[in-house]
Every structure is written in C-alpha cells, then in structure tokens.
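Trainee: Sequence:
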Amino acid sequence: MSAPLPLRDAAARGVRVDDSARKVLRQTWWLLALTMVPTVVGALVGIQTAAWMVQHPILLTLGMLGGAIGLQFAIAAHRNSGIGVALLLLLTLLLGWFLGPLLNVALSIRNGGQLIGYAAAGTGIVLAAMSTIATTSKRDFSGLGRFLVVGMIVLVVASLANMWLQLPVLSLVLSTMAIGVFSLFLLHDVNRIVRGGETNYIMAATGVYMSLFNIFANLLNLLLALGGERD
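Residues in the sequence shown are numbered consecutively from 1, following my numbering.
Please keep in mind that the hints were generated in silico from the structure rather than gathered at the bench.
In this text, a Cβ means the ideal position worked out from N, Cα and C, and glycines have one as well.
Treat the hints with caution; some may be incorrect.
Simulated restraints, written as ranges between beta carbons of each label pair [to be verified]:
no. : residue 1 : residue 2 : range
1   : N162      : R139      : 30 to 36 Å
2   : P57       : V149      : 24 to 30 Å
3   : I83       : F147      : 31 to 37 Å
4   : V149      : A121      : 39 to 45 Å
5   : G197      : G66       : 27 to 33 Å
Model the full structure from these sequences, guided by the hints.
Mentor: If you want it as structure tokens, here you go:
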C-alpha cells in the first residue's frame with residue numbers, strides 16, 4: 001500500500017517520517033473513518049429528539065461536557081485495548097447526538113442542507129491543510145500545546161457564560177476563535193504523530209476527532225448566522 005499523499009510530500013521535502021509514525025497515522029485515519037458511523041447515527045437520533053434537548057440547554061451542555069471529559073479519561077486509561085476503541089465510538093455517538101439541535105435548526109431553513117454540506121467540506125479542507133503542513137514542515141509545533149489548552153479553557157468558560165448572556169455577536173466571535181484554536185490543535189496533533197510524540201492511534205484519533213467536531217459545529221454555526229435563508 002502506498003503512503004498517503006502528505007507523507008509522500010514529506011519524504012520529498014526531506015522531512016523524516018519513520019515507519020512507526022506512518023503506521024500510527026494510517027491507523028488514526030482508519031479509526032477516524034470508523035467514528036463517522038456512530039456520529040451520523042447519533043446525529044439522526046439527535047435531530048429526532050431536538051425538541052426535548054432545547055428545553056434543557058444548560059443542563060444538557062454541562063452534562064455533555066462532563067460526559068465527554070470523563071470518556072476521554074476512560075479512553076486514555078484503556079488506550080492499549082479494544083475497550084479504548086469502543087469508548088471512542090461511544091464518545092462519537094454522544095457528540096453526534098449533541099449536534100442534533102444545531103442540525104435541526106439548519107434543516108428548518110431553506111438552504112440549511114447546503115450549509116451543512118459547506119461546513120463538512122470546510123472541515124475537510126481544514127483537515128487536509130493542517131495535515132499537509134504538519135507532515136511537510138520541518139518545524140516542531142509541539143510548543144503550541146500549552147497555549148492551545150489555555151485558549152480552549154477560555155473558550156469553554158466564555159461559551160458557558162454566553163449561555164446566560166445570550167449575546168449573538170459574542171457567539172460569532174467565539175465560533176470564529178474556536179475554528180482557529182481547533183485548527184491549530186489539528187496541526188499540533190498530526191505533527192506530534194509524524195514526529196513520534198504520539199505513538200497510540202486511539203489517543204491520536206480521539207484528539208483529531210475532537211478538533212474536527214468543534215470545527216464543524218462552529219463553522220456551521222457561523223454559516224447559519226451569516227448565510228441562513230430563513231422564510
């Protein structure tokens with residue numbers, strides 16, 4: 001089997017990618033592809049239960065945040081076994097369900113389906129771009145980690161605060177910031193794999209999936225606010 005294009009480009013530009021890193025990256029992409037199945041299933045269920053979910057937004061958000069963090073700790077504890085894969089699939093199922101209300105809003109407007117497609121395509125473009133940079137650049141991006149964690153904490157706190165404040169402009173600003181922060185997380189995480197800093201594909205897939213999830217959700221939120229065609 002030939003190496004993925006970013007890895008071939010890396011070799012062409014003189015960036016050393018050893019066989020173990022190639023294997024982890026290849027396994028990560030396969031596991032990410034698998035996570036799309038429970039994500040779609042969860043999203044379909046979420047669309048059907050959106051009316052109930054929007055009645056308890058704060059409780060639901062706090063519960064999902066706690067559940068997602070707890071599952072990530074559980075995945076880390078079982079990262080060397082099939083249990084870790086099962087827990088990751090459970091996490092993606094729950095996060096897909098959490099997307100239900102947002103997707104329901106999108107599907108209720110005339111061009112909502114198109115905007116969902118744009119958000120998915122945009123997320124794919126970001127993944128391709130960050131992966132290419134991470135695998136072809138000679139720069140080590142591991143130093144971004146601590147700053148990105150701080151940025152993520154600020155985003156979470158500000159987002160929770162805005163659930164009470166209900167400021168549309170702040171929501172747009174936070175979505176824009178989230179896309180930037182999690183795009184850099186993608187760059188950081190893929191670069192760590194290439195450089196041998198992350199040798200476990202389950203943990204690698206978990207980190208990349210969380211970034212993709214947040215990029216898609218926030219990109220869709222921006223598109224709905226700026227380009228939604230409501231009756």
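Trainee: Please write out, lowest number first, the hints stated earlier that are contradicted by the structure.
Mentor: 4
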